[in-house]
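Protein chains in written order, with the numbering used here: chain A, 1 to 596; chain B, 1 to 596.
No lab work stands behind these hints: they were computed from the structure.
Any given hint could be a false lead.
Straight-line distance between alpha carbons at most 20 angstroms, and here's what the computed SDA-like set of lysine to any residue pairs gives [as the list claims (entries may be wrong)]:
no., chain 1, residue 1, chain 2, residue 2
1, A, Lys559, B, Glu560
2, A, Lys227, A, Pro260
3, B, Lys498, A, Pro90
4, A, Lys11, A, Pro90
5, A, Lys559, B, Lys526
6, B, Lys559, A, Met440
7, A, Lys559, B, Ile595
8, B, Lys526, A, Arg550
9, B, Lys559, A, Met466
10, A, Lys530, B, Pro90
11, B, Lys335, B, Glu270
12, A, Lys532, B, Arg514
If you want the footprint, here are the derived chain A segments under chain B, 3+ residues with CB under 8 angstroms [said to hold, decoys possible]:
no., stretch
13, 359–365
14, 450–456
Predicted, not measured: the structure shown is a model, and the values here were computed from it.
Built from N, CA and C at the ideal position, the CB exists for glycine as well.
Number of protein chains: 2
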Amino acid sequence: MAVYKLELLRKAMIERGISALVVPSGDPHFGEYIQAHYKCVEWLSGFNGSAGTIAVTLKDAALWTDSRFFVQAEAQLAGSGIGLMKMKIPGTEGIDTWIKKRLKDGERVGVVKELLPLSDFNMLQQDLLPFELVETDDLFQTVWKSRPVVESYRINVLDDVYTGESVSSKHARIVAEIGEEGDFLYLISSCDDIAWLFNIRGADIEYNPVPLAYAALTKNSMTLFIKTGTLTEELNLHLSKENVRVMGYDEFDTFISSYPTYAIRIASKEKISLSKYEISLSGGALFKPDTRRGGIIANLKAVKNETEISGFRKAMILDGVAWVKYLRFVEERLKEKNNPLGEWEAAAKIALLRAESDLYMGESFAPIVAFGPNAALPHYEPSEAVHSFVGNDNFLLTDTGGQYICGTTDTTRTIAIGDITEEQKRDYTLVLSGMINLAMARFPSGTRGAQLDILARGPVFSAGKMYMHGTGHGVGHYLCVHEGPQSIRMEENPVVLKPGMITSDEPAIYEEGRYGIRCENLILCKEWCKNKFATFCEFETLTLVPFDTRPVIRELLGKEKIDWLNEYHKRVFRELSPYLKNDDREWLKIRTADID
Amino acid sequence: MAVYKLELLRKAMIERGISALVVPSGDPHFGEYIQAHYKCVEWLSGFNGSAGTIAVTLKDAALWTDSRFFVQAEAQLAGSGIGLMKMKIPGTEGIDTWIKKRLKDGERVGVVKELLPLSDFNMLQQDLLPFELVETDDLFQTVWKSRPVVESYRINVLDDVYTGESVSSKHARIVAEIGEEGDFLYLISSCDDIAWLFNIRGADIEYNPVPLAYAALTKNSMTLFIKTGTLTEELNLHLSKENVRVMGYDEFDTFISSYPTYAIRIASKEKISLSKYEISLSGGALFKPDTRRGGIIANLKAVKNETEISGFRKAMILDGVAWVKYLRFVEERLKEKNNPLGEWEAAAKIALLRAESDLYMGESFAPIVAFGPNAALPHYEPSEAVHSFVGNDNFLLTDTGGQYICGTTDTTRTIAIGDITEEQKRDYTLVLSGMINLAMARFPSGTRGAQLDILARGPVFSAGKMYMHGTGHGVGHYLCVHEGPQSIRMEENPVVLKPGMITSDEPAIYEEGRYGIRCENLILCKEWCKNKFATFCEFETLTLVPFDTRPVIRELLGKEKIDWLNEYHKRVFRELSPYLKNDDREWLKIRTADID
């Protein structure tokens, strides 16, 4: 199938005199999830991981992806005629070098400028200089006969009761951060930045409650570009009250190119496409990059205000209640002899339990329920068609999250089913130990995530094991569950952790073919104390879901962390029990009992 | 006095039509210590910290230094007419901006290109573009009447028995790292890089056993440029055996400018002066920077070979024996009622005790013996003229190190004299806890120092305290006690910790006006294990000096670290006791006894 599509594509390339093509991956808004319309890489190759780019010449084709997807890509690309290029592995060529080696100077390379962030283009440019870059926006439209159209859905207003800040106040803070004396036009492509700024939420993207939209700001004005038909009366009222001008999604190009050229164009290079960049400067305007990692809006958005934080705390109670019911459901169900529990059914169950709350808006990412060896694949997702049943004598890992109108959750719990080995108990204790280490950290303001990462990873390292993903990602407020710019990982990231930032804390151990363990809470960075030395921060754990204490090896966890765990469980019971009845309450009482 | 010198300087500036002058700090080899000849900043301002640069205009003058020297600089600059510019503090202008604000375009700025590393110049350049930079090498020669001359001393050969690698082998490894196909000339200004490469040691610089020298390498040749008169018969034999050509120190400029221009010049921008850079390119040659942080040689030098590591282990025994005698001496002496112990006398005593070994070559840095409040100044050094006596009921901090022909040491111990407070005991325990945390770390290869720093700092942070200096610096092999390129500090440093690297481990707490605590061992990075996950490293503690266990709060240190401490003390006794007699041996037995 893939081979046939590749032939179709090459035929179209020859017709247009194109020697190499970079197959678009992602959409013009550069979020984590995309609509079906933009899944050209999946259509062509069968690879459906969330990160991958393909380059095609008339003879060769290859897909670039990162370590999260090596196993999956290898399987899905088999027989496709598309090779696998392992990113960040020494010796792997970049796309540009790969193309350069295969083409003669002066040949034409097809790109879709609309789908290429300016920052990527800057990186590509060097090796692609000898070639002519040609726009191939419509090429896939030709070869992909059944390509889905871009869909657009209703946009809702998120009340100040949930956001805690008006649009005009956010606008004023952005303008202050831009700090530009003269006239400027600040260009925004990122849907979650737009949703945050305008206090709106959409449904155009799976899991990310955002509308497909553009926006442009000046010192005194805001213009929002949305799909026609999404402008309800409520939205219209909200936007006009906040003095936001509304224009059509397709009018963005004309607006930014025809805006007076003396106004400087400003945007984050990671979040603006080459196409929008070129269009906005077509009249001869000047461009200034927004140099803050992730851009100014992402940096403001990452620091949650008191209202948002209260909302998160409320969401955690609602989510914790669903988790308790889910965990007890799993336990009870596994007692039934002739009624095996499928991973897919379990995943559906927790979603249903969350939906008992009126504030629940949907899942925050594709749920992971993985038993035994499945849990060793960090990005395993059961599907209705392909999944396993929960067996015995191994770990069951559940990593799911909910979108609530007041906040977003993301929790992983690993529970022992039946008897587990001493090695499994040790590994479980080390992962939990790492998670608690990070949760207990205290540090001066100015500290970056890469400095704290070892706290979570250290216990895992001490056993000669490791996990290849980050320890912590930022989390949006009823927005993207993976939100920048802060992170807690081994790689240096200059963004410092600030009070108000919410990050995950999720160390893990994966034993391929055997088992996987991950413990994940969300933690809030808060000011702890201020003295002559510094202002110090600490974390407040937000997530309220009991841990399985049965596999914990007491001596290995140590007194300090046992105390933390007991205190945490006391709090979980205190906060959740008012919302639980009879059996669920009794179950939680037992599961949150002190260990000594 | 300083005001009068400033007037002399300004008179000379006016005579030459110079509106601003950057006062040279450092020497042309960019090491930590410099000869008296190069101490222009101290002559002019009275400030004698090891890092400081002055800019002078006809009206203003200011000194830039970092946080280590703020207190000292403030005191020493008082009444000098020279302001203090606190580096890395938000809002502090750089030298270039400061000058730019005070001058009109086209005015002349005096610099000494010989003393300006190319990397600094690149940074300066932007704001100084509107000005004419003029060479003022001889200006200080005119105003500083009693300026000392540059001294040069005998150069010794360091036998392969100590170095473990021949000059030609090192040359071959450097050439391989340079990886240049065509002809090149690799320029070396850094004296410790030269001493390492040529297996020589000198005495031109205090504490750093290096000669003032330059060197130039090609694929097949090595040329060493040294002061006339230092070439002994032994050195001549050694160098000719290794096919090293010897030329005069002053012949370096002619050599590098007259070397065929088709040969590319390569050097580390941090380690080559603007002057040498310009001279080497005067014939139209091409320049390629050595982009490895610290340069290729520093990176090779930092990884110690087995012979060097054995030498370090031997040096640690010799040093440990001196420390035991010193610590017992202090204890005994403090019992004498009418014979107070001066910090200066104590510092002299440990040097004398070290000198009992034939392999001892001198101190590796200016000794710090600091009682009570003095210890709260991280860079306090007692002098014969100005020092305190060791009193009662406070900590005595001793931070000293020795140069042995087989290795370099650097150790800090803090001991309780009389009664100390609960807060002091807690702080002492936290500092020791941090030091042990880092010493126990295990981590995959590829880990950087900034990732591990929190292990040492975390316990200090947990009490809402912090120290402003790094946790760990590299240490040379009978070379500079502060050696790059690796470090363990809060700031990101891309250099990864590799097996064979030796680093200090020295967390601290400083309570201004009250007390200071620092514990410091040297630790060696070693391979621990290799498995499907990664190759893991761990540290071997090299230093063999007992800690004062009396202030340790058991519950706070915790079982795991008490076990480490007891094991460490067993090893200290096992390794040192064969070299100790009677009372010293007995004392060590008691001081290294298990705590429970």
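Against the structure, the hints:
1. A/Lys559 to B/Glu560: holds, 11 angstroms
2. A/Lys227 to A/Pro260: violated, 25 angstroms
3. B/Lys498 to A/Pro90: The hint holds at about 18 angstroms.
4. A/Lys11 to A/Pro90: violated, 34 angstroms
5. A/Lys559 to B/Lys526: Violated, at about 30 angstroms.
6. B/Lys559 to A/Met440: It holds: about 19 angstroms lies between the C-alpha atoms, which stays within 20 angstroms.
7. A/Lys559 to B/Ile595: holds, 19 angstroms
8. B/Lys526 to A/Arg550: Status violated; Cα separation ~36 angstroms.
9. B/Lys559 to A/Met466: At roughly 25 angstroms apart (the allowed maximum being 20 angstroms), methionine 466 of chain A and lysine 559 of chain B break the hint.
10. A/Lys530 to B/Pro90: Given pair lysine 530 of chain A, proline 90 of chain B holds - Cα atoms ~19 angstroms apart, limit 20 angstroms.
11. B/Lys335 to B/Glu270: violated, 51 angstroms
12. A/Lys532 to B/Arg514: Satisfied, since the Cα-Cα distance of roughly 14 angstroms is no more than 20 angstroms.
13. 359–365: violated (count 0)
14. 450–456: Held - the stretch 450–456 of chain A has 6 residues with a Cβ nearer than 8 angstroms to chain B, which meets the minimum of three.
Checked against the numbered hints given earlier, the structure breaks hints 2, 4, 5, 8, 9, 11, 13 and satisfies all the rest.
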